[in-house]
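If you read the protein sequences in the order shown, they are chains A and B. Position one of the first sequence corresponds to residue 1 (my numbering), numbered consecutively onward. Position one of the second sequence corresponds to residue 1001 (my numbering), numbered consecutively onward.
Any given hint might turn out to be false.
The calculated DSSO-like cross-link candidates involving lysine-lysine, where the alpha carbons are at most 27 Å apart (straight line), are [stated by the list, open to error]:
hint, chain 1, residue 1, chain 2, residue 2
1, A, LYS617, B, LYS1188
2, A, LYS332, A, LYS562
3, B, LYS1569, A, LYS368
4, A, LYS475, B, LYS1395
5, B, LYS1396, A, LYS475
6, A, LYS446, B, LYS1237
7, A, LYS475, A, LYS267
8, A, LYS617, A, LYS260
9, B, LYS1237, B, LYS1188
Chain B side only, calculated, beta carbon under 7 Å to chain A, not exhaustive [what the hints assert, rightly or not]:
hint, residue
10, PRO1091
11, ARG1189
12, LEU1190
13, ARG1194
14, PHE1222
15, LEU1223
16, ASP1384
17, ILE1440
18, THR1443
19, THR1572
No wet-lab data here; the hints were simulated from the structure. From a predicted model like this one, the values you see are computed outputs, not experimental measurements. We treat Cβ as the ideally placed atom computed from N, Cα and C, and that holds for glycine.
Chain by chain, the residues run as shown.
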Amino acid sequence: MTTSSCRFGNSGGAALLALVALAPCATAQPISSDVQRTERVYFATDVVPILTKLGCNSGGCHGKAEGQNGFQLSLLGFEPDQDYEAIVQEARGRRLFPAAPRSSLLLLKAVGILAHGGGKRLTIDSPDYQTILRWIDSGSPPAKTTDPVLERITVTPARGTFDVKMRQQPLRVTGYFSNGTTRDLTHQAVYQSNEPEVAEVNEFGVVQTKNRSGLFAVMVRYADQLAVFHGTVAHIAKGVDNAAALIAWERANNPSGIDKPLAANWKRLGIVPSRPATDEEFIRRASLDICGTLPTPDEVRAYLSDTRVDKRSRLIDRLLERPEYAAYFAVKWADILRNRGMGYGTSHQRPGTALFTGWIRDSIAENKPYDRFVSEILTASGSQETNPPTIWYRTIRTTPEYVESVAQAFLGIRIQCAQCHHHPAERWSQADYYQLAAVFARVGRKGGFADAEVPTGETIYLADAGEIVHPRTKKVMEPRPPGGAAFKLDRYDDPRRALAIWMTAAENPYFARTMANRLWGHFMGRGIIHPIDDARSTNPPSNPELLDALSREFVTSRYDVKHLIRVICNSAAYGLSSTPEESNKHDMQSFARYYPRRLTAEVLLDGIGQVLDSPTKFRSTAGNFPPGTRAIDLPDEAVPSHFMDVFGRPARNSACECERVDAPALGQTLALVSSPEMQEKLTVAKGYVTQLATNGKPHRENVEGIFLRVFSRLPRAREMTVAVKFLESQTDRKEAYGSLLWSLLATNEFLFNH
Amino acid sequence: MIRDFTSVGSRVLLAVCCGCLGADARVYGQSPNPVLNSVFPAGGQAGTSVIVALEGTSLEGMRDIHSTVPRLTAKKLDANRLQLDIPAGTPSGIYDLRAVGLHGVSSPRAFFVSNRTETLEVEPNDTLDAAQEIPLDAVANGRIDKPGDVDCFKFKAKAGQRVVMECWGERIDSRLRAVLEVYDADGKRLASNRGYARIDPLVDFLVPADGTYSVKVFDLSFLGSTSHFYRLDIDTKPRVEFAYPCVLTRGKATKVKLYGRNLSPGPPRQDLALDSVEVEITPPMTERLKFAPLPIRPSQLAVDSFTYSYPGSNAPVLIGVTDLPVIAASDNRTADRAQEVTVPCAVNARLIEGDERHWYAVHARKGEVLWLEAFGARLGAPVDLDVTVLESTGKKELLKLAATVENLGGYRFPTDHPDPTGRWVVPADGRYLILVRNVIGGTTSDARRLYWLSIRREEADFDLAIVSRRTDQPAGLNVMLGGREMLEVFAFRHRGMSGPIRITAENLPSGIQCPDAWIGPGQDRGVVVLSASRESQGVVSDLKFVGHADVGGETITRSAKGGSMIWPKLTTPSGRLTQAIPLATAPESRLLMTASPSDAAIDQEGILDVAVDIEQRIEGAIGPIQLSVVGLPRACNSTATIPAGKTKGWVSIAFPTSLPPGPYTFAIQAETTIAVSGAKGAKPAQVAVNLVSNPITVTVRPARIVLELDPHAPTKIARGKIVQLRFTAERKHGFIGKVHTELTAPGGVVGLRARGVTLVGQSDSGSLQVIATDDAPLGRHLFLRLEAVGTVEDRPVYRACCFVELEITE
């Protein structure tokens, strides 16, 4: 093995760094098979990984769909057969020169002797150059079935904890081949950190932490194998004994169940959780998170005066039984399931969307086990006029939509890359993609009203025939779940049924975890795997033990969603204040505090309507909604509301919850300041402003009521003083109360759940 | 007992009725079409009087009700309200009601005669707090009369009672897509439903504690209008949903389980599963369904059935009947446990589980022809059946039965359904398997997934449905005095039935005529035309149409069922059978079209010239008249235009060799406008007129000469020039005589001269020399044709024609 790592000095020059960089070379014991390796170079496991390391087959270069300057490689080398053909056979073999291997175009361009758009990628004296040269020299043999196959790679160490003393960690990567040999691949592997703000990794596998505490993972890839290093950068306490504080917290809170793995993480990170939320904060938070609804002043007062020790869990139980819980979560699921009303005619689609939303809401209200809920959607059959879950198939109707919606919504994986090429950071191949697509190949459709863009009223049935062909190999794909075994089906079996059984099995590695993560993300503002529908080994959970515990809880409760919500909401973590402590102020992964987030569009509109006693009047060409209909009750996204649109109501174009955005925008400010919705609500005849103006009560009393409505708390002394002073300064009482309320509704304290 | 109609809008409704007259008259000038949109309330209790309000268009002059409720009497109260006296003892069920007025009889609306107490919705009842209290075991008649309307009712119930709330909307011709929600006294929602009997909802509810409960009714899309009416049953009394076996042998007493709710004596089932009760039923011996007080869909026309009413149940249940031996399916879920059945038979079964499969085994001989027909969706069962014939190993499929049936009636009378039917010619002596499964089963189970499979020989049969020719809105059958009206007839041919069907009208009142009409061989649609004398005022009478067909040397007759569109302009087709075919006479017709000849014989490849004469009985300039042929297969379509101001013309119809020989009846339809004078000084109004001629029956005979014009023959001829038209005239079916050819046209060939050619001996091709005169009229010569006459012993016996497209140019 050569010591190309000597070049490491370029990256900074620090002697220590150089030493560390050299470490893998120095410490690596000669591996017995290395000598043999020099005797033969294998295309798939030796040559292609070099191209990957050099970036030749990256998406920006020859790996993109159309290749680069007529030379196309498979993305990241996942299709060695295709690459062999491109290098050896294409262009009449001009890329290699067997008679004089050093004159091969492939090498001449790579070392910059000939003009190369990608610049110089290799030096002649590098081992990678020598490897490719030897391969050409040996007759550029293709991959054979008898060649050793790389079965796995490992990274050593697999975990690491960093602090002031320990800021770097060289990684060592070892490959294990089917012929029993192993090889040090540290310098050939590709590395990538998922949290560059916490830690970076260089091309030689040396991890370098930065000045932020947190968790990170380093993806290591060689050929088609992946490994992950998990790192923890502990918080650097300044004169504070966080460990002691954490012990005190543990004593006070007696963490059990899911709080234990959280506490363990905090311990590793050297941070302490924030103080517990106040009762006022908690009732507002839980009401918004569970029901998408602000608590009323009476509810707040009752909760504050409740002295029972279990009043939080009682509150959670009460909230879970309210119809708003089902309505609020139905909006969430209607987003994920893409229950769209937009199309050529909402009036034609409204019965379907209303039917599906109603079914979702009923399923949530009755706490239908999640496995049954999903199975009924996946295997939905019959008329879209009478069987609500078949409406899912109204929007989901093409191969990519089937595959990607199922993968993202229920398995928490993003597999869309594999439609065109092997997933660059995961195990998913095109075969995985099209095998999952084959599950839906026999979804038949007939009837319906289909004279325009979006057919509706179709009947979904099990068709006799239907197949999916792999676009590259042209092979007919057998239905098979991602990462699972092929289904044993006879010709009359519905593959969707087999998929549903596989998916909802207790041992399924994705299903329960995805829902557990989704709900955790809902209540805690961030998934344990984040984004919540992007689970992969290269995007590991921030707290695997926590996710395991939640998943176990979910499975053993037989997919009882309310139970899972109770577990999360009764945890000490959920009850933490959103006010950061010194040690956790940068924390966005370990849930050492409640992460504030803006109210969603529907909840915000409803909240304003509730505060001002002026429910929104929803109208559309497809029907007028009864007075009192809330935004969370609406059947689809096509009910006109500019306010909700600017606050990020999604168009339901994908199964990703990320489509609902909470990013600030100028339009939001304008909507709060001058939208017709706000003006109408502030001035409506029997609204709260009018009530305040005419109730004859002293301002102090009214201000108390206002704060309870808006913030679910009583005003602080200074707030009371300022508010009363303002009100007294105004001559028009209605105008004064309107202005006060208008101001309070524009505060972050109202706009955010915290 | 009289129940007043108290809901809002009766005057508004009247205004709507009158206001729409103008629009209707403009569009269909000659004959306003009375359309009944709603009857409210849409039902009443037997033995009581009920005041109903009718709403619709062109209902002015309403004087009576035409109903299928036996002995129902109506007393007019005002322009749109009537008092109906429902005789005691009227069997529960859904009947047809129509208004009779100045323009005749209206389209039908459902009217439910019940055995329950009836109440009327009283607004405001939009919230649970304002819920209207009604007694248990009663029916609430309500309307979601504006968008966003919600109706709330409350009732008292005792713990342990099984209360069933069923909303009737779609099944009683309403536009409402109802949602039901049930709440306790604290406002907590206990149950909801958005569709059980197709889209009509039902909530089956075990009362948890004594108290008051509320139910909300609203439209799924929050739409509303006076046409969004409903009936809401809230009761604890027996309700039957289906019978099993679902098909019985005609005339044979059979033990049948009725499934439903509140059928078992004693406390209700705690699991809310369907109850069942066993009864013995002897199906009637008569062929075909005589009368069913239930909504019957067009696709159910071919289901031989009868209705049975369980004592105390709210409505009757439809049960199939057959002349075949009926057997029950048993333990046959895998191919190796296939149930042996003997042909012919009808097998009863239920595919309760979503992925359940039923295997049957039959022994058959080579060349045998068997017909397999499944009945499932047509029984109202939530199934989409798939029937496959396989080799005895169960591995090789031999026949997949067709799962789709052509929709003959289109949007207004959808006859399609998913039940498969197929003809199977047995390839060899042996044992075969038949697999039945439900392709929309999913992962759910449903006790209502009934079916029966009929396996029988090729025994031809048919059914007929008669519907209005109007495709834009529902209509009754009204014939203007001195005028004509046409109905469309759909033939449902079963098991190889291919011969012609003759249709006769019975019970014709004095002054009404309806010549026999033929649906040609292999055809599935035809027309009948009725006419009324100018003296037959005030006729309202039920007609009976009977189809006659020769099957294996015997004549079988089948009564035709009436059919009607329910609502226009819906995204889904909407039609149903009617329980009667009432005819009424309407005011005198302003125009009468007569076509001649009224009967003719013609050879295939012949052209029939039909002369049309319109008698104008009203002053006014008549516009161009568009003529078209109605009632013949598409291959015979032909159109012509009579210029404005003229009332005579002709249309020529070619009968190709593809048309099977036999009798066909058709009519000519004319569309035109008349400028009718209005008030003094006002501009005459252009009134659209749609006329139909007397029926024409033509007997098509096999072609003896097949004429074919050279496809490269010239299509233009200049004045004073000559062109050659080459042709072939192939003799067929043993004809060997002379063939004379001529260029002809109805009314004579103008501006062209042609010398005919006579083909003798083996000669079968020739050339016609055509000369255009110097003053030949420019343009295309209408209906110009080459005509061939075959002679036998010098007598002209056979004729053949083909149109010649020739445009005369300068």
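Now for the hints, and whether the structure bears them out:
{"no.": "1", "hint": "LYS617/A / LYS1188/B", "verdict": "24 Å, holds"}
{"no.": "2", "hint": "LYS332/A / LYS562/A", "verdict": "15 Å, holds"}
{"no.": "3", "hint": "LYS1569/B / LYS368/A", "verdict": "38 Å, violated"}
{"no.": "4", "hint": "LYS475/A / LYS1395/B", "verdict": "24 Å, holds"}
{"no.": "5", "hint": "LYS1396/B / LYS475/A", "verdict": "24 Å, holds"}
{"no.": "6", "hint": "LYS446/A / LYS1237/B", "verdict": "39 Å, violated"}
{"no.": "7", "hint": "LYS475/A / LYS267/A", "verdict": "52 Å, violated"}
{"no.": "8", "hint": "LYS617/A / LYS260/A", "verdict": "47 Å, violated"}
{"no.": "9", "hint": "LYS1237/B / LYS1188/B", "verdict": "25 Å, holds"}
{"no.": "10", "hint": "PRO1091", "verdict": "29 Å, violated"}
{"no.": "11", "hint": "ARG1189", "verdict": "6 Å, holds"}
{"no.": "12", "hint": "LEU1190", "verdict": "10 Å, violated"}
{"no.": "13", "hint": "ARG1194", "verdict": "5 Å, holds"}
{"no.": "14", "hint": "PHE1222", "verdict": "4 Å, holds"}
{"no.": "15", "hint": "LEU1223", "verdict": "5 Å, holds"}
{"no.": "16", "hint": "ASP1384", "verdict": "5 Å, holds"}
{"no.": "17", "hint": "ILE1440", "verdict": "4 Å, holds"}
{"no.": "18", "hint": "THR1443", "verdict": "5 Å, holds"}
{"no.": "19", "hint": "THR1572", "verdict": "6 Å, holds"}
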